[in-house]
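Novice: Each protein sequence line maps, in turn, to chains A and B. Mapping of the first sequence onto our numbering: position 28 corresponds to residue 28, and the numbering continues sequentially without gaps. Mapping of the second sequence onto our numbering: position 264 corresponds to residue 264, and the numbering continues sequentially without gaps.
It should be emphasised that the hints constitute simulated quantities derived from the structure, not laboratory data. Just to be clear, a hint being listed does not mean it is correct.
As the list claims (entries may be wrong) - Simulated restraints on C-beta separations:
id, chain 1, residue 1, chain 2, residue 2, range
1, B, ALA174, A, PRO20, 44 to 50 Å
2, B, LEU340, A, PRO20, 50 to 56 Å
3, B, LEU13, A, PRO20, 25 to 31 Å
Stated by the list, open to error - Stretch by stretch, here's where chain A covers chain B in the computed footprint (C-beta under 8 Å, at least three residues):
id, segment
4, 435 to 449
5, 458 to 467
Heads up, the beta-carbon is just placed ideally off N, CA and C, and yes, glycines get one too.
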Amino acid sequence: MSAALKVDRITLAYDGQAGPRAIVDNFSLGLAAGNIGCLFGPSGCGKSTVLRAIAGFEPVRAGAILLNDIPISTPQIHLPPERRKVGMMFQEYALFPHLTAAQNIGFGLRLWSRADLQARVAEMLALIGLPAVGPRFPHELSGGQQQRVALARALAPRPALLLLDEPFSNLDADTRERLTDEVRQILKASGQTALLVTHNEFEAGVFSDQVCVMDARPSP
Amino acid sequence: MRDIRSVGPGWRLASLTIALGILVPILALLWLAIGADLSASRGRWAHLAAYVLPHAALNTALLLTGVGALVLVIGTGCAWLVTAYRFPGSGVLGWALLLPLAMPTYIVAFAYLDLLHPIGPVQGAIRWALGFEGPRQFRLPDLRSMGGAVFLLGFVLYPYVYMGARAMFATQPAHLMEAARALGETQWGAFRRVALPMARPALAVGLSLALLETLNDVGASEFLGVQTLTVTIYTTWITRSDLTGAAQIACTTLGLVVALILLERHGRKRQRFGSAQRMRAIQPVRLQGSAAWAASVITALPVLIGFVAPALYLAWESFKRMRYGDGVSAGLISSLGNTLMLAFGVTVLTVAAGLVVAWAARPMGSLRNRAAWQSGIATLGYAVPGTVLAIGLLTPALAIDAALASLFQQPGLPLMGLGVVLVVACTIRFLAMPVGGIEAGLARLPLALEQASRLLGETATGTLRRVHLPLLRPAIIASALLVFVDAMKELPATLLLRPANFDTLATWLYAEAARGTYEEGAIAALAIVLAGLLPVVLLARKVMQFENKETGTA
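Just chain B, same shape as in the assembly:
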């Protein structure tokens, strides 16, 4: 008998293959780290544990703590100010605070290293204003430090916390804050004792996303001279060609990822404050005089530091290069072509895989869908840093390549050489976006639509094609856009898995920064930031629509 809980054997098999495929790099990593050659791996581990890991783990812990504290303060503070108060610019800042999302961490580090250089424009201007003559008399603290890394990553990653906190504050019923005030709390006390604890689940999600991004970062940490675990994985493999050692560090990093996810779950535990009832939302209070201007400055600073200053710098440098320099080189044009090709391939594969998983795992009313767990597995990749994923994929990919090479009697690495492994790595990493987006889209469609179609003689696949795909189009396009932009920005996995002589805009920029030549890097960075602005604009539009609905000004 065919089980009516299943969605058709083809879909089930495809979804199962995708879910198991996600686990392959993680299992390969464990095998490499522990099982491949036990005595050799033990010896290596002893060396790593004595000389490499303590320093890298301490740096990573310091970076995570610092960035975590900074994103919580900036994200929560700004979200509360723009939700609970009205002040000059608060409307614009409400969405502008999302802009740093368009700025990859390695680009902001790249821009600030030049911008804040001892003989750069900012320090020069400060010296001129204070009457100093040279960098020997006055210079700002060096950006290439732990403090510099915390500062820059914090100002770029705070929107993850801001987004969730903003949505929570905007939907909290006003009468709870009013009750706290009536019970003798000050405005600050009511925020601290009512609004903040209620927003805790959203803050936990935002914080964990920001910290996962911090763990994923390889470019900014390396530019700023901070040897994190992620940087160490990269250098262990690239400069020392030590795959087992890299896998062992990657496993340690994976342990940190699991700890972060558990921390997030703990933060959200038994905290479900969402209410289906529509209640009066918090009405913003209009600030006057110096308080109003102070609020404007405080909320504008993160936008200025995290987006406006580096974006203007990149635009100016690009303009100078185009106007007075040699224009755009053939190498950069070819990197742009490679980037678009890679992003296109990743988008097609990721969205197709996401559709398969989301459709196979969709809710089926009162029946339990036995494939539901597969969507949980399929979304795991987002938490795994790109370098860890790349190291995990190397062994299975090389084994398949060797088999293919001997089968067709052709020397070389067909999958690695064609960039297939890189596309697969990016697909694993970004699969959570289409799965999440399409699942959310499916959840909005009544189950009766599918049942009506089936009773009118259509199969499950025919129903997907004729009913769900047309209705899911906005969700599919939105997730495709997110994947495309993230694939354009991707650096860590691309650095490790790209074919020889294959540069994307991100690796081009990385090479320029590594060489200390900033000439064309700015153009590459600007192109990535402009592409990254697209989804941020869409997100900002959503925030504004939501705001209009909340305040009834639609």
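Extracted from the complex, chain A is given alone in its bound form:
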């Protein structure tokens, strides 16, 4: 079931030689269940770092990240990524090259029964409009097909929240325009809460219900 996201005054930093250096300071964001949000800003402003913190790959130095009012990241609490029920679509798709499209989509369903898993994979392949690509390996798919398989893989375990890290940046302009619309329809059809990161104004406007603009980080 989709969940509401609350990012409450978080600080993110990396370990520099002279101690921690803030990348994002006192940042907040709220996203209602079923809504699609967008983090929009120039390169280097820290929007991908925020996304990685929500996914559980960056520690939170101050503040809190809550999913349906349950804290998943604070300076004291860190729920491991695999227990957050957060799905993610990566910029480079990150499809496992040794697994077929169907095996990639079924990767997160290892505790499901065989019949349920197969049914869910078929459902996902139908949802992305590629019912026949199941047996193919990632390198046998076009860029657009790989992107849709990555979306299906992220949606298959029914995540509470889906994160999309510049998912359209590797596509040509025509495909990008078409897929932006298609992916939005798929997410809306399944009532999925989602947060997109982009530096493309067109994507930010067309794809999301609400846009959060991040400024460039001031140079130290």
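Place chain B on chain A using the hints.
Specialist: Just chain B now, with coordinates in the frame of chain A:
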């Protein structure tokens, strides 16, 4: 709170144990040399410093200097010739120059001692050609000398320099050499002032590897009568049963190892010429006439001396033994079995330990992995000579054995007797190969694969099993092959740590050479060389693929 920089407590603990385990023999060695019995060790040190060390240290320094100079000249010269020129055989020689890597130093010494014997085939043929009747009228200088050792080790160890130099020359942008020529330099001047200094980091790495191998060698030096530090450690322990003295010499050798590593670091200092940009590589010039043939002869000689001649000799001797002699004895068959068993055990343990360390120390994107230092420690063993490692392991191993014996009330040395200590020694020495290989494999996999798996509900260990292990299979198999072959060839640590009545092919050969009986030694040597050819063939294939990519003929 569980730190997201860690990779799971189990992995961290296992990796930490391995890293600390590597340090145990070195610490034990220092304790033995200095701390165990201060007044006795001081007295021993005075004796060693007066009568043993000066001679052994001088010999080692001369050997290192001579071998260093020879491998630099052969390795760099041949690499430049096959990269910058085309001449008859240059294509084949490009990979054939790697072949001496399959030839352990003690085997090449073993073969040449017989081959160049005053009444052997080579000197006989020379006398026949010149019309002399006996060795009293004509003989070549004795191979059992410092000169002989430098000559043989140089012609077997030059591929370490050749490999790195070749890769550097092949990737240097052509326009730099062209700029030097346009500024008035000759071809030789451009090589000396541009290509050579740019290759310096690679030459430093290759040189230090060749010198570490020289320090590790015990068989060739002993066969050729050169009392190096390594040989002295062995004889001090085996013939005089003086463990403290052996540990003190081993510490001196360790000092040399540290000096060599520092020298290598210095050679590479502030030298990063690697370029991410793809630029036009040096295009080889076709040589004509006598220059072409001279280049062919110069580059073929190291292959002939370092591989073809000793390999043919071993094949011929083995053939004679099989055809006219008694065939293969039961003792040799059992040595082969022992060798394969040892190599298998070492491979399994080393690859497993390498996987643990490489996985625990893997890069984690923008986060600093606090276990990263452990892979640095785990790869130290490769620089420590086998004899030094063995002396360092003896004390802790004997202490554990004594504890085990009293615990189970069984007399004897359970770990030493079962060969466990030998397997551990080889694992420490060869751990750098799987750690390096698997780390390189991991570096090629995008971090997003692990993140995707974790977000799909998989744990770190589950991710390793389902995503990384299948993708790392080629890297794991390649490093397993390297470890297997090196364990088959290993001599110094095996000589010191093997259980009683346990012979491998290498120790069998060593015993034959020590007795001066060459009968079955050739078969044992040939088996080791054939096994050693496997990784060299793989390496040669890689070199050829790389070459095809560079010249666009793939």
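Novice: State for each hint whether it applies.
Specialist: Hint-by-hint comparison with the structure:
1. B:ALA174 x A:PRO20: 44 to 50 Å: 46 Å, holds
2. B:LEU340 x A:PRO20: 50 to 56 Å: 53 Å, holds
3. B:LEU13 x A:PRO20: 25 to 31 Å: 27 Å, holds
4. 435 to 449: That given contact holds, which follows from 3 residues of the segment 435 to 449 of chain B lying within Cβ reach (below 8 Å) of chain A.
5. 458 to 467: Per the Cβ count (4), the hint holds.
Of the hints listed earlier, there is not a single one the structure fails to meet.
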